[in-house]
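Sequences are here, hints too, so could you generate the full structure?
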Amino acid sequence: MTNYFKKLVYLGKQSQNFIQQRLVLPGLTLHRSISLTTVKHLKEIREEKKDNITTIEGVEIESKRTNKLLPSLHKGACPLCQLNLDVKYTDVLILSQFVSPHGQVLPRTVTNLCGYQHKKVEALVRRAQDAGLLAHFQADGEDGKKPELRSNYKWKKNNIHFIDEKKYSHY
Amino acid sequence: MAHNRVLQWATFARSWWIYDAYHQCPFESAKRLCIFLQGQHKPIYHPLSDIGDHVVVINTKDISMKNEYWRKWRFHHHTGYPGGYSQTSAWRLHDLDDTKILHKAVYSRLPGNLLRRRMMRRLHLFPDTEVPDDILQNVTDQIRQVQLIPKPIHKYSKEDIDNFPKLFDWPEEYVIDYSKKKKDEDTEKYF
Numbered sequence: 001m002t003n004y005f006k007k008l009v010y011l012g013k014q015s016q017n018f019i020q021q022r023l024v025l026p027g028l029t030l031h032r033s034i035s036l037t038t039v040k041h042l043k044e045i046r047e048e049k050k051d052n053i054t055t056i057e058g059v060e061i062e063s064k065r066t067n068k069l070l071p072s073l074h075k076g077a078c079p080l081c082q083l084n085l086d087v088k089y090t091d092v093l094i095l096s097q098f099v100s101p102h103g104q105v106l107p108r109t110v111t112n113l114c115g116y117q118h119k120k121v122e123a124l125v126r127r128a129q130d131a132g133l134l135a136h137f138q139a140d141g142e143d144g145k146k147p148e149l150r151s152n153y154k155w156k157k158n159n160i161h162f163i164d165e166k167k168y169s170h171y
Numbered sequence: 001m002a003h004n005r006v007l008q009w010a011t012f013a014r015s016w017w018i019y020d021a022y023h024q025c026p027f028e029s030a031k032r033l034c035i036f037l038q039g040q041h042k043p044i045y046h047p048l049s050d051i052g053d054h055v056v057v058i059n060t061k062d063i064s065m066k067n068e069y070w071r072k073w074r075f076h077h078h079t080g081y082p083g084g085y086s087q088t089s090a091w092r093l094h095d096l097d098d099t100k101i102l103h104k105a106v107y108s109r110l111p112g113n114l115l116r117r118r119m120m121r122r123l124h125l126f127p128d129t130e131v132p133d134d135i136l137q138n139v140t141d142q143i144r145q146v147q148l149i150p151k152p153i154h155k156y157s158k159e160d161i162d163n164f165p166k167l168f169d170w171p172e173e174y175v176i177d178y179s180k181k182k183k184d185e186d187t188e189k190y191f
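Going down the list, the protein sequences come from chains A and B. Per the working numbering, the very first residue in the first sequence carries number 1; after that it's consecutive. Per the working numbering, the very first residue in the second sequence carries number 1; after that it's consecutive.
No wet-lab data here; the hints were simulated from the structure. Note that the Cβ used here is the ideal one computed from N, Cα and C, for glycine as well. Keep in mind that a hint or two might mislead.
As the list claims (entries may be wrong) - Stretch-level coverage of chain B by chain A, calculated; a stretch enters the list once three of its residues show a Cβ under 8 Å from a Cβ in chain A:
#, segment
1, 61 to 67
2, 145 to 158
3, 168 to 178
Claimed, not checked - Over the 12 Å line for every Cβ pair with chain A, so calculated as not near, a few chain B residues:
#, residue
4, Trp70
5, Arg92
6, Arg121
Given below as structure tokens:
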């Protein structure tokens with residue numbers, strides 16, 4: 001048995017690189033796998049209120065995106081540089097992927113974008129928000145009321161568009 | 001014979017056009033409308049022969065201006081009396097009268113001769129789609145819109161957004177937090 005414990009200690013040192021490891025000890029009939037590191041999952045925070053008790057728990061879920069990734073993309077590199085697209089502020093289906101539901105652009109550690117593309121996406125998202133295609137950051141009210149999509153203030157109730165300054169085209 | 005007389009009437013008839021100004025730039029659409037008001041779309045055009053057409057414009061209240069022009073573009077007015085100068089921004093004029101911005105854009109675009117007022121009388125502007133029947137019965141053809149209308153994300157269906165290919169997958173140990181916004185159909189689009 002001491003041999004097995006030595007192996008576990010050695011593997012524990014290796015796992016400082018946060019590689020997920022699952023061990024099945026030979027000679028023993030185990031019905032579950034043992035891992036030395038924490039198992040990594042996408043998590044979702046759910047809040048429930050019953051009477052006076054509020055339970056906040058982090059639930060593990062699978063991401064819906066694994067089946068819908070573009071197969072031609074390499075994982076480690078910037079996706080927009082690989083595609084070589086002329087992304088405009090009206091391409092809302094592309095830009096909404098880089099935006100959190102709060103209206104903020106996601107950090108580069110999550111999106112794998114290079115610095116140049118990240119700045120471009122920030123500027124395009126700002127334009128799309130001003131034009132009313134994406135929502136500005138607006139938290140829900142305390143009663144659970146949703147904020148209005150377009151405010152009624154002076155000039156903000158009117159339509160806005162932007163033009164491509166290089167080509168001078170009104171899209 | 002009757003053949004020649006009918007051809008004469010057909011070439012010199014004054015036709016009625018309709019134009020939808022929904023989400024269009026007023027200055028770019030004025031470029032297009034002036035062509036029809038002067039008659040430059042006809043091969044028999046001459047500046048002195050009064051062969052311009054009627055144009056009916058609808059949805060002028062839904063006009064769109066570029067960048068920050070709603071706030072920064074100024075319309076100037078002088079009454080002729082001393083101290084009679086005033087200027088208003090575009091959004092204020094639009095609040096007062098929905099049709100005035102397009103009216104002024106077309107007026108400044110037309111040539112500054114004596115035919116200009118006559119051509120402006122043939123331009124009919126309506127803020128909504130409510131047009132009197134007398135005018136609608138005359139309309140024969142439509143002028144194409146100048147700009148593409150962008151589609152906001154709340155108008156895409158959930159299936160369109162889910163089936164669109166994704167460019168990156170969530171990293172390990174990523175936490176989805178619904179603290180500031182409830183988990184709804186609207187927020188689920190982003191995941």
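Going down the list of hints, with the structure as the test:
no. : hint       : in the structure
1   : 61 to 67   : holds (count 6)
2   : 145 to 158 : holds (count 9)
3   : 168 to 178 : holds (count 11)
4   : Trp70      : violated, 4 Å
5   : Arg92      : violated, 8 Å
6   : Arg121     : holds, 28 Å
The structure does not agree with the numbered hints 4 and 5 stated previously, though it agrees with the rest.
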